[in-house]
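**Q** As given, the protein sequences belong to chains A and B, one line each in that order.
Take 995 as the starting number for the first sequence in the numbering used here and just add one per residue.
Take 454 as the starting number for the second sequence in the numbering used here and just add one per residue.
Because the hints were derived from the structure by calculation, they are not lab data.
A quick note: this is a predicted structure, and the numbers were derived from the prediction, not measured.
It is possible that some hints are incorrect.
With a cut-off of at most 25 Å between alpha-carbon atoms, the simulated DMTMM-like pairs for lysine to aspartate or glutamate come out as follows [to be verified]: (1) B:K711 with A:E1174; (2) B:K495 with B:D673; (3) A:K1195 with A:E1036; (4) B:K625 with A:E1108; (5) B:K644 with B:D688; (6) B:K583 with B:D549.
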Amino acid sequence: MTRREFLASLAVLPLLGEERVIRVGHVASDERALRGAQLGAEEAGRTAGLLGARFELVTDLDGVMAVVGQTERPGVPLLTTGDMNEPGPPRPNVFHVSSTPAERRAALARWSGEGGEVVDWHPSLTRFGAEQLNSRFESRFGAPMDSLAWASWMAVKIAAELALRAMPLERLRFDGHKGEPLWFGEDHCLQQPLYVVVEGKVVAEL
Amino acid sequence: MKVLAVLGVLAVLSGSAQAAPFAYVSNERSGTVSVIDLATNKVVSTLRVGSRPRGIQVNGKRVFVALSDTARSAQSAADAIVAFDPAGKRILARYDAGSDPEQFAVTRDGSTLFASNEDAGTASITHQGKVVATLIVGIEPEGVAISPDGRWVYVTAETSNTVSVIDTQARKVVASFLVDPRPRAAAFSPKGDRAYVTAEIGGTVSVVDTATHQVIDVIDLGGRAKPVGVVASPDGRRVYVANGHGNSVAVIDAAKGKVIHTIPVGRRPWGIAVTRDGKRVYTANGLSNDVSVIDTAAGRVVATVKVGEGAWGIAISL
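Sequences and hints are given; from them, build the entire structure.
**A** Structure below.
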């Protein structure tokens, strides 16, 4: 993001209006996805409230500015979360928040150990504010935050920032409590650190 | 009469000794504050203050340091801001500042403290020893700075990427604005017309016009910078940024809005402070457990002072 672009984005903010409502769609049945998205929505709601806007996470996809999950809506950005096949060539308006199978395979290949599983997130992470996020999730739901919950939380946060900052998704940088800026590459996949887990413990960050 | 005169002289002498300029470093893991004599760059006192000392401020007569327990989202007796004497010999007072106070600002008269409560997502205002207001700010509030005229307090929030503006008279949040990802700290210019907000994940410093509370410029720190602490030079011409994981200090030309120099320091500098004459900048280095002393004219580290474990914040006598 250049300085000029950032300032241009700020100039848009006063035009949001006092009653600006940001509606994001989320259709899911998995409890982990629902919880992650819910925490994301509560936090986005608080941020939006500070900035004079209102945030709503809805299951009715009419009039939403973005969708989180796997339900495509023509002309609306989709932030994908959860298991999927290889996404293939990038499509306009489709961006992948959860890591793809190919990304996880590549990460595992970089790791030289044996028997590891590659994950997007783990409830034992503590650095870079991960402990705070894990703690917020755990105290809110009485359950640990796993990869799907994190991706759902992250996707809702990305959707909210997209609306509040009024900048193209490709230009934005996000904080996912992973210690590095996260952004969408040319392949429309979120560029992010991944973790190798062996016997329930994080043994490497890739 | 003679005895009284001698006592008077002694009082003046001890008074002047206490007024010597010191740097105060909070050591999060040691539970102590290291007091460094700026004339010799030697630790002259180490005061045991309590659990997890982090934010630290000086208001002239006293030094304040924020303490917290290790339990999240729960307030305990370990959560407090304590005040101690400038020589770093004894604790004088203990104040309630809400749950897990991390960073804070203090008014010039020392009567009022503004603290961020990270897990509660609030800012607490403590006036004459009592919490008089608990304000909702952004999520995971962290950096706190007070304008030189005492009118505004800025509170950064790491997760919502916001800065909330507290009107110190009304004791209310009157505005909030977005900055780059993970804002960690804020500092006002000496004139108070600008504020500088670091964004750790954004790798930037936002420049804020304090008349309108709007970001007017964003300075990219480049490379591996993960900016945390920030301070403006007394003449307002330079802004110094502790680059955290970048293990360096960025020197910004405030008029140009550009980094003009990057100075390697110890490992993981978080807190940063500048001497009253602007000739030295001190960083508290959390991983190397030391303080780097920068000669601002030479643009390099001229001394390294060993302190306690987990050096976090640093403040210098006014």
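**Q** Take the hints in turn and mark each one as holding or not.
**A** The hints, checked one at a time:
{"no.": "1", "hint": "B:K711 with A:E1174", "in the structure": "23 Å, holds"}
{"no.": "2", "hint": "B:K495 with B:D673", "in the structure": "35 Å, violated"}
{"no.": "3", "hint": "A:K1195 with A:E1036", "in the structure": "29 Å, violated"}
{"no.": "4", "hint": "B:K625 with A:E1108", "in the structure": "56 Å, violated"}
{"no.": "5", "hint": "B:K644 with B:D688", "in the structure": "9 Å, holds"}
{"no.": "6", "hint": "B:K583 with B:D549", "in the structure": "6 Å, holds"}
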